[in-house]
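Starting from the structure of chain A, add chains B and C where the hints point.
These protein sequence lines map, in sequence, to chains A, B and C. Just so you know, we're using our numbering here: the first sequence kicks off at 8 and counts up by one. Just so you know, we're using our numbering here: the second sequence kicks off at 8 and counts up by one. Just so you know, we're using our numbering here: the third sequence kicks off at 8 and counts up by one.
Take the hints with a grain of salt, since some may be wrong.
Chain copies aren't distinguished; within one or between two, either way the pair holds.
Said to hold, decoys possible - Straight-line distance between alpha carbons at most 27 Å, and here's what the computed DSS-like set of lysine-lysine pairs gives:
{"no.": "1", "residue 1": "175", "residue 2": "105"}
{"no.": "2", "residue 1": "555", "residue 2": "297"}
{"no.": "3", "residue 1": "547", "residue 2": "621"}
{"no.": "4", "residue 1": "242", "residue 2": "578"}
{"no.": "5", "residue 1": "555", "residue 2": "335"}
{"no.": "6", "residue 1": "175", "residue 2": "118"}
{"no.": "7", "residue 1": "105", "residue 2": "118"}
{"no.": "8", "residue 1": "382", "residue 2": "524"}
{"no.": "9", "residue 1": "524", "residue 2": "297"}
{"no.": "10", "residue 1": "622", "residue 2": "191"}
{"no.": "11", "residue 1": "422", "residue 2": "144"}
{"no.": "12", "residue 1": "545", "residue 2": "335"}
{"no.": "13", "residue 1": "382", "residue 2": "392"}
{"no.": "14", "residue 1": "242", "residue 2": "313"}
{"no.": "15", "residue 1": "382", "residue 2": "429"}
{"no.": "16", "residue 1": "621", "residue 2": "144"}
{"no.": "17", "residue 1": "631", "residue 2": "400"}
{"no.": "18", "residue 1": "429", "residue 2": "335"}
{"no.": "19", "residue 1": "105", "residue 2": "184"}
{"no.": "20", "residue 1": "105", "residue 2": "191"}
{"no.": "21", "residue 1": "400", "residue 2": "9"}
{"no.": "22", "residue 1": "578", "residue 2": "335"}
{"no.": "23", "residue 1": "412", "residue 2": "297"}
{"no.": "24", "residue 1": "392", "residue 2": "615"}
No wet-lab data here; the hints were simulated from the structure.
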Amino acid sequence: MKKKSLFPVINGLMHGCDYNPEQWLDRPDILEEDIKMMKKANINAVSLGIFSWSVYEPSEGEYHFEWLEKTIDNLYKNGIYTILATPSGARPAWLDEKYPEAMRTDCYGQKEHHGFRHNHCMSSPVYREKVSNIIRKLAEHTGGHPGVIMWHISNEFGGECYCPLCVKRFQDYLADKFDNDISKLNHAWWNTFWSHNYSSFCQIEPPFANGERTNLGLDLEWKRFTTWNMNDYMKSEIKLLKELTPGLPVTTNFMQFYSGLDYNVMAEELDVISWDSYPALHNDSEPFYKTMENNSFYHAVMRSMKRDRPFMMMESAPGLVNWQEYNKVKRPGVHKLFSMQAVACGSDTVQYFQWRKGRGSFEQYHGAVIDHLGKDDTRIFEEVKDLGDALKKISKTAGTVIEAKAALLYDWDNKWAIEDIKGLSNNTKNYDAVCCSFYSAFLRLGIEMDVIASDRDFANYGIIIAPMLYMLRPGVADRLESFVSKGGQLLATYLTGYVDINQLCYLGGFPGDGLNKLFGVISEEIDTLYPSDSNLAKFKDGSEGSIKDYAEILRLNGAEVLAEYGYDFYKGTPAVTAHSYGKGTAYYVGARICNDSLRRIFLEMAEKAGIEYKKIPLGIEYHKRTAGRENYEFYLNNTEDVLSVENVTGTNILNGQNIDGVLVLEKYETAVIEASK
Amino acid sequence: MKKKSLFPVINGLMHGCDYNPEQWLDRPDILEEDIKMMKKANINAVSLGIFSWSVYEPSEGEYHFEWLEKTIDNLYKNGIYTILATPSGARPAWLDEKYPEAMRTDCYGQKEHHGFRHNHCMSSPVYREKVSNIIRKLAEHTGGHPGVIMWHISNEFGGECYCPLCVKRFQDYLADKFDNDISKLNHAWWNTFWSHNYSSFCQIEPPFANGERTNLGLDLEWKRFTTWNMNDYMKSEIKLLKELTPGLPVTTNFMQFYSGLDYNVMAEELDVISWDSYPALHNDSEPFYKTMENNSFYHAVMRSMKRDRPFMMMESAPGLVNWQEYNKVKRPGVHKLFSMQAVACGSDTVQYFQWRKGRGSFEQYHGAVIDHLGKDDTRIFEEVKDLGDALKKISKTAGTVIEAKAALLYDWDNKWAIEDIKGLSNNTKNYDAVCCSFYSAFLRLGIEMDVIASDRDFANYGIIIAPMLYMLRPGVADRLESFVSKGGQLLATYLTGYVDINQLCYLGGFPGDGLNKLFGVISEEIDTLYPSDSNLAKFKDGSEGSIKDYAEILRLNGAEVLAEYGYDFYKGTPAVTAHSYGKGTAYYVGARICNDSLRRIFLEMAEKAGIEYKKIPLGIEYHKRTAGRENYEFYLNNTEDVLSVENVTGTNILNGQNIDGVLVLEKYETAVIEASK
Amino acid sequence: MKKKSLFPVINGLMHGCDYNPEQWLDRPDILEEDIKMMKKANINAVSLGIFSWSVYEPSEGEYHFEWLEKTIDNLYKNGIYTILATPSGARPAWLDEKYPEAMRTDCYGQKEHHGFRHNHCMSSPVYREKVSNIIRKLAEHTGGHPGVIMWHISNEFGGECYCPLCVKRFQDYLADKFDNDISKLNHAWWNTFWSHNYSSFCQIEPPFANGERTNLGLDLEWKRFTTWNMNDYMKSEIKLLKELTPGLPVTTNFMQFYSGLDYNVMAEELDVISWDSYPALHNDSEPFYKTMENNSFYHAVMRSMKRDRPFMMMESAPGLVNWQEYNKVKRPGVHKLFSMQAVACGSDTVQYFQWRKGRGSFEQYHGAVIDHLGKDDTRIFEEVKDLGDALKKISKTAGTVIEAKAALLYDWDNKWAIEDIKGLSNNTKNYDAVCCSFYSAFLRLGIEMDVIASDRDFANYGIIIAPMLYMLRPGVADRLESFVSKGGQLLATYLTGYVDINQLCYLGGFPGDGLNKLFGVISEEIDTLYPSDSNLAKFKDGSEGSIKDYAEILRLNGAEVLAEYGYDFYKGTPAVTAHSYGKGTAYYVGARICNDSLRRIFLEMAEKAGIEYKKIPLGIEYHKRTAGRENYEFYLNNTEDVLSVENVTGTNILNGQNIDGVLVLEKYETAVIEASK
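Okay, chain A solo, but in the shape it has when bound:
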């Protein structure tokens, strides 16, 4: 692919942060100090105005933008660019007082009181109008400024509303989706069960907590509608912005772990993907390198939404956050490692929430570059500054991208459907963790993997991993069949192809929609294991893999057996199979088998697909960013040990060292190797 620079005016990578000068307007000394220290810390961009509505417009119709104009100007003069937010992430109190319909109604049907931030009704015409007004004003005052390089829309979209307006829009959305034919909806939701048939769309209510909580179709469509409605709102902001400032790109910041919105849908509307990365580093439930692998997975999720360009890590915490169960400080060196991981995974930015800790309120202890202490000689400041230096050294990586040849299928509505399954065990469904563990398995082989929606094009890939692909979107089964028959390597697991997009079970044998022919197996039963239970997969080569949580009992339908169950009444029956199909192979892993024991299958798939893999020690994370003939290989030591990687050739542009053979990485060290062209 071609190099694609997100911000041409920034020569290299962005080192930025949220900046809230409006909290310090009575302290010009501090504002002056800010600029000085930003320059010292190599900050080249800030996000402004995210929560400034009540300062822009302290009462309805009274506007104050002077301070903002002055700030943008001052920053620009000092070489610092501005990402300007639309302030719709939090409303001023006067708005709720005057227009209470802008506030949400909760899942009990109770109107919420004013408070928090993202809790406006996305359907509210009044709210849209007020947002429109303030955005117009904002664009008037700042739109043409050369320092402003991007719009950040609202902030961290999320939540739901159950008000009458939303209920009506939901009914309209359903009527539209089901061709105004209530019997189609009744069939799709299997409403004859428990006498749940509706006779009119206007009888349908959202899944109120004290209402209908037993209709899976309703649950799923409500989630789809919530994304649809949020997106509809977001589009209304984007439309206006494109009108007012045609040249400026738009983004909004997605959140790790947030499962209430299908980000794949919203991504379509954005010019650039950005997200906020806040893993619980140094937690006590897993080794540090696993936390880093999980974070790498989420980087891949975000990166894969727009494969042809870099993404942005819009927020991360210098030091620590303030909302985890235990808010442990980042160990020395981890700040650089963590930030480098973002770049290694395809981000062209390392941005922080936030520049300076506010004196009060909910996030007064959230990590920031500048502490309440106010000094630039703190450990945190030194690490931020040091990272800023490092980003400069690797500025040529900006605009390059990752070109993955393997993909993992990951659908939000599949996740929602799995979480809502009435069966199995709610304690062990763990869709995200399972997906992440497959991603990690390939990461440890040095194989870069996209994480994509199942309706995305498969043409770029030689390997597809489809963990727990419970719900099949229309056409996916056919496209997988076509992928394999043309030579693709496909691996699926237990819980594949049980239901269609309405969550109606396929008849005639899982995996359904024709997939039991592709995989050459039929799943007759699925056994749910207690935590104290386990089973064993015994592979033909004598190796074994432990089984937890789920085990399907399979009928062969043409596939070859790779492993059998070792225990229980289904001992000796197939646990893992492979089916040669056309020019490719379809693997089926019938149980939740430890991924380590599947490593040989992954290697076999890579070899068949002609995808290179690497021998790297556990704890080293490897990525490659490219553009044209440029190649930058990132090696991250996610451990406290000194580790070596063999067969590395090129120049470590972080320290200028030439490597030809063994690369030695200190604790938490990163190397960025520029290959000889």
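This is chains B and C only, laid out in the frame that chain A set:
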């Protein structure tokens, strides 16, 4: 007793299932397949129309019964009988839309939204009227059909309503109960405490979650009222049915573990008792045979409500259920064992929820005879068919009953009162588990035990066990005294006779109402043990029994000491006593002592009462069904080991084998021995 | 100090109980028995009328005081005095029916239903008027009686109300506090963050559960307002009582563990402090002596509110309570020990809830002197009677007080602020436990410690311990500086001086407001440890102390290092420091270090401050009450072992024994040593 056949047209035991053809009206191929496979599986009855209201009457006044008539007819022609449900277990959406007063109000006083199923207001005149209408229509169309052999009323009654209508009915119920004299209620509820006196019945509200939660009398009467009101509703359906179809018996299906309704009260109105049995088989907290013993206890609870006739196991799951914490599949052979247990315990039916899995909605993964796969060669189908064969072989057991000579006292309002005790520890009250453990202890001795309300006749019994008989209904103390004085063997425990039916403590020493004379002990204090605490009962013969949770400190009042406490400041004081009284004995077990160490006392009681007991290995469950001179002995091997029972004589009618001496039972095997007459 | 007798008419200590004769008006035999048994048990006072409103006034305007007058009279004739309650702790049902505005609105904005007891709206004019009426009537009928010696106001104040009236009062309270200038409030609450600025006071709502839960300033002021409003209500009762019966002292009973009200504020209005002491004795999470130390801490909290006079233990349980997780009975001897602890800590009363167990309702199993058994030969009665004898023997201790020379700073609003910190870990903040552990450490050295609000006078003390003094009230930093410079010994810990009274962080380095100069350290970071983490403090003398939960990374600012960290990236940096300042020393303990390892520092502080300490074995609790030249030393053996204390001289007035050297204490024994004058 005499043989009492529930369904004369069925020659033998019923093998049935819930059947929902209305879900497949667009698939006549499937409906045709259904009948064929039912016959193959030896199904001879189905339950129809349980949740069919919205198909019968998709909008108000528009009726469709053709499909039902056709189904009943078709089944009948194929030798399959119909149990027809009244569809009041779930309302169509149009009803709630048009008559919102039919929906319940929750314990916060909030009107619930439409959804789920059993959530209609039992007081609502509109709802009763609409139910009445649909039942009349139903009877019109199907009432006279020879294939219809029973009415199944509503489905799984449960829940409460706090709407103004229910509040008013509750006040009227109380006024009636307390002779329109508020001072009587005030005294009964001890309302002077915390200034809780009412000056009028219209001041009384149910125990709203945000209202009165500290009045024990109110709590208890609210539960009694809920049963009263639910029963009143059920009687309205029964009255109508008896009018429309005088010949047909009626039942409703009770639920295991459901403690919101006093089933003893509702049982009075029914012709036959039926219940839904869904234990968590193969769970990880107890051995399998204990789960089976617990289930046996619930069979006994249901069976004992009508001692003179068989009961029905109206629902059970082929394969698995979908709502337990871990939904593990039934191991091979367990289906037959589990179903045979029902028959052994006095059921004349083995029925399933359900015939065929629905494609969608809340129970799409609940076990069924026919899976989404749609085949009759699955493991589950084979096991169901095999069971059908076995039921035929033992068809002569139909109509026989269990004649128990021991009884365990079990009152719903005693359970409610214990759960509401403000004292002891809410973590360890465990009334059901304690009752069940006494039942198990006798089961292991081969002694059949009825589980009866304390106001039932004691004349049939030689032994009465009264675990935690905390609340004494009027007359019970006198009747127990009379029982013992005439030669009965009575055993009671800690927490006996503390309160009267209003939960007012007896003055003058527990157990009250004269029982401290009968038992010859007075309980001065009750010590609640932490889980890490324990004590020891040291018996006179040197044996010991461990003590957990509760220990009463007793004063002797004429009894003999059988065991003393081994530790703590009450070491050496009485823990277990016996009191010879008249011709019988009254045993008092003052602490929660491990039942194994009480075995000798149980044997002593049996010997004194002249009740036969057996030597059977742990894990074998034994029952005897009789009628006139017929005798059928059931031996169930509730373990995975091969076990032997000595001194068995007769013919195993399941396999035709004659036994004279040792009966060997394979893993999960059942034997049904017909004694030589 | 001078001897200050609370009740001159009682010659010595009060032995009393709540008494509810209104529950037994239909049982004159029982009422007669009561007086006899009270005399036998050495009871000399009772609390009457706490929940009697519905008996005084069963319907509006209908009064019945005859029974009360008769009871007071009868008791008086038998030498038993009456503490008379205002009955406002629980309303009759007719009041809520007729004046629903008297009921509270919950944090969801829902009006509560009638029920429980303390749930009236403190702002309600109607409620105040009705209370006023009944108090006037009560005073009319009983006020002049010589048997009545005190008013007990309402009972166990607690809770909050969110009704419109309270919301309005809250807004007015805020407007008043912030000089009617909304920008002052906005700045104090840092409302620019998340666009939270208000433009008018009337936009401010309390922290509704479905409203604003992210504004720390709002949270804190709501708590302060709740105290203010409750106090305002209480003052309205006191004002009236002082008018009607000018001579009678007033109190209200505080509750252990209740953190919803700042008792220091309410204490100002009372003549005597009283409280209800209900620790979970014999629990399974700590040794018994630790439970006693914790209770001693709460005695100190209460005692210190009025240093110049004794306090009252208004409630305690004979036997057991009924609301703990496991309601274990008090072991023999513990009743006396526990009651003696109250006296040792400065109480002039030992009072019980309650005299006789009620037959029904919520507290029917709460311990009482007389059980449902109704006898005076129970273990509990004997122990109560024995205690009554003992109290007589030490009656000369009445009126003496504890004169502490050490103080621990403990602010309610500091506690609220710490609990609301968004950061650290909510699992390990444990403010109360940490304060208590410092109190215990000094108790084990025989050093008596006051527990005082930080704005109380420091002049009486030589040592001040300030654990987790997170929030600094105005002037406190200066006053501590002055305390140390004049020779005081001050010790503070991690989390000192982070915020001002609005919870705005100090700029320029914690501990703020100048304290980093006093302590000579600046805290740069605070690390939050997972439960599986730990660190070590390595002291200069080679000793070590384990560290859990929190560790600050310190910069030296003039202090001397006493201990360094042993592990982690901050190994070798200061963990504990001392700073000589003026004539005193300021110690800083930067981490949650095990108190045992700080013992030497405590001794050093005591030596420098010239405060005597004692060598007493672990498990012995020591207190000294004095007045003029009188001295009474209490030694409590809080263990089951026989323990000895050396260097004891004087007469044990409990048994008349003269001690000169070693005092031997049996299990749970108390000695009260009168020193030779």
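Structure-based check of all given hints:
| no. | hint | in the structure |
| --- | --- | --- |
| 1 | 175 - 105 | both (23 Å within a copy, 18 Å between copies) |
| 2 | 555 - 297 | both (19 Å within a copy, 25 Å between copies) |
| 3 | 547 - 621 | within (25 Å within a copy, 51 Å between copies) |
| 4 | 242 - 578 | neither (55 Å within a copy, 53 Å between copies) |
| 5 | 555 - 335 | between (31 Å within a copy, 13 Å between copies) |
| 6 | 175 - 118 | both (16 Å within a copy, 20 Å between copies) |
| 7 | 105 - 118 | both (15 Å within a copy, 24 Å between copies) |
| 8 | 382 - 524 | between (66 Å within a copy, 17 Å between copies) |
| 9 | 524 - 297 | neither (36 Å within a copy, 43 Å between copies) |
| 10 | 622 - 191 | neither (54 Å within a copy, 63 Å between copies) |
| 11 | 422 - 144 | neither (40 Å within a copy, 44 Å between copies) |
| 12 | 545 - 335 | between (42 Å within a copy, 22 Å between copies) |
| 13 | 382 - 392 | within (13 Å within a copy, 68 Å between copies) |
| 14 | 242 - 313 | within (18 Å within a copy, 65 Å between copies) |
| 15 | 382 - 429 | between (55 Å within a copy, 23 Å between copies) |
| 16 | 621 - 144 | neither (54 Å within a copy, 74 Å between copies) |
| 17 | 631 - 400 | within (17 Å within a copy, 71 Å between copies) |
| 18 | 429 - 335 | between (37 Å within a copy, 13 Å between copies) |
| 19 | 105 - 184 | between (35 Å within a copy, 25 Å between copies) |
| 20 | 105 - 191 | between (42 Å within a copy, 23 Å between copies) |
| 21 | 400 - 9 | within (21 Å within a copy, 78 Å between copies) |
| 22 | 578 - 335 | between (46 Å within a copy, 16 Å between copies) |
| 23 | 412 - 297 | within (23 Å within a copy, 54 Å between copies) |
| 24 | 392 - 615 | neither (46 Å within a copy, 47 Å between copies) |
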